[in-house]
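4 protein chains.
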Amino acid sequence: MSEPGLLDGILARGAVRAEVDDGAWLQAMLDVEAALARVQGSPHADSIAGCCQAELLDAGRLGAEAARVGNPVVPLVRAVRESVGRDAAVDVHRGATSQDILDTAAMLVAHRALGPLLDDLGASAGAAAALAERHRETAMAGRTLLQQAVPITFGLKAVGWMTGLKAAAARLAEVRRDRLAVQLGGAAGTLAAFGGDGPRLLSDLAADLGLGEPALPWHTDRTRIAELAAALGEACGAAGKVAGDVVLLAQTEVAEVREGDPSAGGSSAMPHKHNPVAAISTRACANQAPGLVATLLGCMVGEHERAAGAWQAEWRPLTELLRLTGSAAAWLRHCLEHLEVDAERMTENLRRGSEQVLREHADAKDMLDVGDAVAAAATLVDRALERR
Amino acid sequence: MSEPGLLDGILARGAVRAEVDDGAWLQAMLDVEAALARVQGSPHADSIAGCCQAELLDAGRLGAEAARVGNPVVPLVRAVRESVGRDAAVDVHRGATSQDILDTAAMLVAHRALGPLLDDLGASAGAAAALAERHRETAMAGRTLLQQAVPITFGLKAVGWMTGLKAAAARLAEVRRDRLAVQLGGAAGTLAAFGGDGPRLLSDLAADLGLGEPALPWHTDRTRIAELAAALGEACGAAGKVAGDVVLLAQTEVAEVREGDPSAGGSSAMPHKHNPVAAISTRACANQAPGLVATLLGCMVGEHERAAGAWQAEWRPLTELLRLTGSAAAWLRHCLEHLEVDAERMTENLRRGSEQVLREHADAKDMLDVGDAVAAAATLVDRALERR
Amino acid sequence: MSEPGLLDGILARGAVRAEVDDGAWLQAMLDVEAALARVQGSPHADSIAGCCQAELLDAGRLGAEAARVGNPVVPLVRAVRESVGRDAAVDVHRGATSQDILDTAAMLVAHRALGPLLDDLGASAGAAAALAERHRETAMAGRTLLQQAVPITFGLKAVGWMTGLKAAAARLAEVRRDRLAVQLGGAAGTLAAFGGDGPRLLSDLAADLGLGEPALPWHTDRTRIAELAAALGEACGAAGKVAGDVVLLAQTEVAEVREGDPSAGGSSAMPHKHNPVAAISTRACANQAPGLVATLLGCMVGEHERAAGAWQAEWRPLTELLRLTGSAAAWLRHCLEHLEVDAERMTENLRRGSEQVLREHADAKDMLDVGDAVAAAATLVDRALERR
Amino acid sequence: MSEPGLLDGILARGAVRAEVDDGAWLQAMLDVEAALARVQGSPHADSIAGCCQAELLDAGRLGAEAARVGNPVVPLVRAVRESVGRDAAVDVHRGATSQDILDTAAMLVAHRALGPLLDDLGASAGAAAALAERHRETAMAGRTLLQQAVPITFGLKAVGWMTGLKAAAARLAEVRRDRLAVQLGGAAGTLAAFGGDGPRLLSDLAADLGLGEPALPWHTDRTRIAELAAALGEACGAAGKVAGDVVLLAQTEVAEVREGDPSAGGSSAMPHKHNPVAAISTRACANQAPGLVATLLGCMVGEHERAAGAWQAEWRPLTELLRLTGSAAAWLRHCLEHLEVDAERMTENLRRGSEQVLREHADAKDMLDVGDAVAAAATLVDRALERR
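Residue numbers (the numbering used here), protein chains in the order written: chain A, 2 to 389; chain B, 2 to 389; chain C, 2 to 389; chain D, 2 to 389.
Treat the hints with care, since some could be wrong.
Said to hold, decoys possible - Sample of chain B residues with no beta-carbon within 12 Å of chain A, all distances over it, derived:
1. Glu66
2. Ala171
3. His275
Said to hold, decoys possible - Taking beta-carbon pairs under 8 Å as the criterion, some of the chain A residues facing chain C (in silico):
4. Gly51
5. Leu147
6. Gln148
7. Gly299
I should point out that these hints are in silico values taken from the structure, not numbers from a laboratory. Yeah, the Cβ is synthetic: ideal placement off N, Cα and C, and Gly gets one too.
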């Protein structure tokens, strides 16, 4: 696992970082090579697997050689072949092409990263649900267009957060289960290099690696990447929405919530400030997602049997998008699990806002009835928690 | 239905345009108002429905008034109330808020637009499947990084097109079925204005309009819009990929396919040219999608109970994305249904490329074996067509 | 000028809409054809110019025919030739290609649209400057990360708005002056069809149309479009920043500013609300810019002498970006010219926030000194106003 | 300088990588702190400068602490204060806020990275100019919409590449010269913490660091970042255009150019292939730019005196955009400096295409006259080279 970088504390929080760094990518590629030898029934499969360990290779050197051929698989195969010895070498990468390895590795990396990512996203939704239960009847001002409108409850707001997070998590889980599949096609996708054995290998490789089996090699069909990217973007949007609300509620003049971690939130110039660092960092991560999703959607349009640029342009945005979404989820979990809610201040703000309205619009009285709002909102909270 | 604009022939081909124009949006909003009165059991429901006809209203005037309040629902409600008469007026828009109407209308517009859109996308996939069947054994050069690599068949290429288009269509159909839901919450989403009747109304309104019923009002949870947008972007990517291949195959120097419509493709300066206009126009439409998807993902992050800008920023990109995806699908259908394939030229190009390789690399002979490639590819074509 | 659409009141405010609609594009293309005949010294130049009137043509019909050839210039030229009569027909579009006309028309459209756009942007900056002068010493809370930090003045905030708007306007004016140039190259950009006359025509056409003269036909070099798009995106960002601040200051709990137009801001569900519609609409427009800029940057990468999709994908995003930026500027001007500032509330909010800090951090006293802050801020305001 | 990563050979080629890595950012922040002490006339300025060395600090540890406060400056200041000793500690970061340091550091990083980046971009343009001179009269097919159109010369194509690259380089140089300025404002941008000394410090700090002096602290005005990002995106677009043409010309069936580096271009599955790796990698880098530019434009809209998320979301996209643009420029330089042009093949392709046209359209003869085209194109080449 690589050392965390200068900004990783903020932009790469949580366990996803380690699942998408260079070492993780390298190991994923090596896992594919090892599995390929295995499902091809190579008598050297075990010793090949023994050499397919990321720590035995020098990522930097591979990277430098990768520049000569345009992808890191060529030097990786060469390195594995060298270390495995002459007899076994021929069974390394047999019949495969670089894109088979890299695309399948991308799926493995995504599959692995989505584990902790979904944990953190689920925990965030769980924390929102807990807030909703606890504040089922905590009245507060509903705010539309950032103006106080009519009363709601904090429970309703929190259960709305939960719903968005759960929808995003459900979609991500669905993509993980249904759309992360092995890629194996050989030089141009016919599987011809595997003789009649191709379709069986496709199936066995999928089973070996715990990924899906595609009907067809998908090197030219990037809908899987697109759906993964979109689901990550959706998760960032759902997380960013919650974080945005927290930042707004934490404003000095509103002060209805406060991030609870007492060790955090200081300022270099103003030691007295208490900043909602977790919510802010969630947004910092989530804000970067739409542009990356756009890049990955743009990369769907590749030329013929392998894109001359669009394929290679996927690697970093996909990595970054996994990392940022993981970080957003980890930050949001931290934020919501430690969120301090000031129910009294909510009541107070609501009362003040309503009085102000009623001074000018006495006829708005019915709309501002708190009891009705709380009752209606509580029904919705219960309903949403039941159906979750 | 509005008159087509100067560029609509190119950028808004097909039946989707009419489903997303101003009149369609207006009618969708009116349909929601009519349905709302109906499910609320208003004795005036029929006369309200009678007044909820887009052609009775002046879109331009509504638009001008919309500017004063920030959305078109306020003047629309006023206009309907005026036309329906004093007694019924109180039953128009009762308990609802502007966003309820607009969000539900957006879902209706999307639902309706996805009808012809999925038809055209499905027909494109069907045309690709037909090409795959017909050219199951038509050998051609596989091209990676735009260099001839090893032989494939045109059937394999076409079935790969089909797979991508079908995946995108399946996702869009799934979003249409599972994620297009009514929005009803009242002023700030509690349903309080409907008394205890809110949840039932949610359910009845969904049934009346043929949309889904959400667990919770979703005004603050834009995952539905995000998934719709992403699925549209995916469809554009899948269509763009196919169109890109067609454009490349149609190059003068390659000349393996040609768009068949003899009336099309002329040039203002060069009457002798035959341009693949359908494929080019598919790309023109599809290229615009990633940026629009990014905008809509960015709009997920709205403030509290109604976003002050992010909500309003959704309307046009969503409309445009539906229109462009519909247009891309319509163009691609036209392209593939009329595609002329020159199998002889494919053979000829493959032979020339192979000879060139073999002059320098005699040992590449096995890789370039056409018979093996055709057999392997045909197996894959059959498999993909069976599983479709 | 086309009728305004349902959402144009919100998303297409101001005078730019009329400069970028179908009629404006059509007229711009016709202006190029007329000018081309003129600078070529055609004896029929006057009668050609007489036929080059948008109102004589049917945009919808041209659009339908445009679909057959992939651009609207081919049918436009045919229509002009028909109306001008057989003798003059040969002098219409002589030596030019469709892209010459469309690219030059795009520059004309942009040049014309930037007139009112820069007016509104300049007026916005002027209104910000006036606020800065008026509130040179109006103390308010500085807010970092949406927490009260140390005192600033409203004048300083407003002059910061001015600086951003002025920078964006300066860049747009620079692009307008230096980068909007005629495109003329003929079929593939050699100017060969004009004999030795090409370079002179380039120069004369530029002079005739009031656009720049490029060193080279720029059909393959889209840096001009990119710079225009980026400058529009920058203007939207600068406007969006100001509008965002206004929305935040107008929050019920902050209430330091209020949009002054008494006829605006109502709600369909809550007649008592006063929403900052102008600021919200500014954001609604500005939010859509980054995605459109990304699309246009992506379109820079076109194939050889004319892109097969990327060129055609520019037309709508460019139009939309001009319209939205114009709309954002018009809304912001309206917002700032009618902004009501509640200086007392600013003082009150600042006092309350400071007291809260001082209860816990008595040593923050120096940082919270209002007099020092006002003096320092006033110096900066003066400096920025002087250098504007 | 950090070790290159697995994909850096492809995605972070050239000298820019080292100018934007963690060490470079750290040193830039330290340079700002050292300069600040210096211009404030601290008697400890030298010893502070002595401690402001990136290699004395542990980036990973700073990063971990950064997570607690939301930015890396707070722990960096603490570390420098500790190492500089108690007396000098008070002169470290005096009056400044984290954003002052980070924003100014961003400008320094950009300024430094743009050095080698502009070298590579300039060398690319130079290589294109050399190709234009050498092939001033090399006839080839002009291709519009990827169909052969009329003759051009390779010189004209290459000089068009040059023009785009030069325009982008000129814009970047302009941004570097005019828009990279120091940021200094103190806690909320008033400069109050510096007493009356603020404006002088702004000026001296700018002079010390070799950056511009702003009229106003620009923490709230992100037009500088926007212009930098846009100019980088433009450079990527210009580079991507050239690379795209090279990839198309290098197609097996066209074969008019070939990347000359004999050590590069191999394939893992097909050792016989010669792939245009440099052009492909240029595209791989350039393709990622539009999404990053969109992210940075979106970040312009920050709240009040410091954005709660949008500011923090700038750091990585800006770094990545600099790195990718640098990499694209380095790859393109390599590509163009080693490009092998097959003039005979150009002639041959042109002849074949023309014959094909003339079989069906004998009247196109004039348009296809090679001599006229070469003469006209040569005039344009000369003109563009003169005006460069």
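We went through each hint and held it up to the structure:
no.: 1; hint: Glu66; verdict: holds (18 Å)
no.: 2; hint: Ala171; verdict: violated (9 Å)
no.: 3; hint: His275; verdict: holds (21 Å)
no.: 4; hint: Gly51; verdict: violated (45 Å)
no.: 5; hint: Leu147; verdict: holds (5 Å)
no.: 6; hint: Gln148; verdict: holds (5 Å)
no.: 7; hint: Gly299; verdict: holds (6 Å)
The structure fails to meet hints 2 and 4 from the earlier list, while all remaining hints are met.
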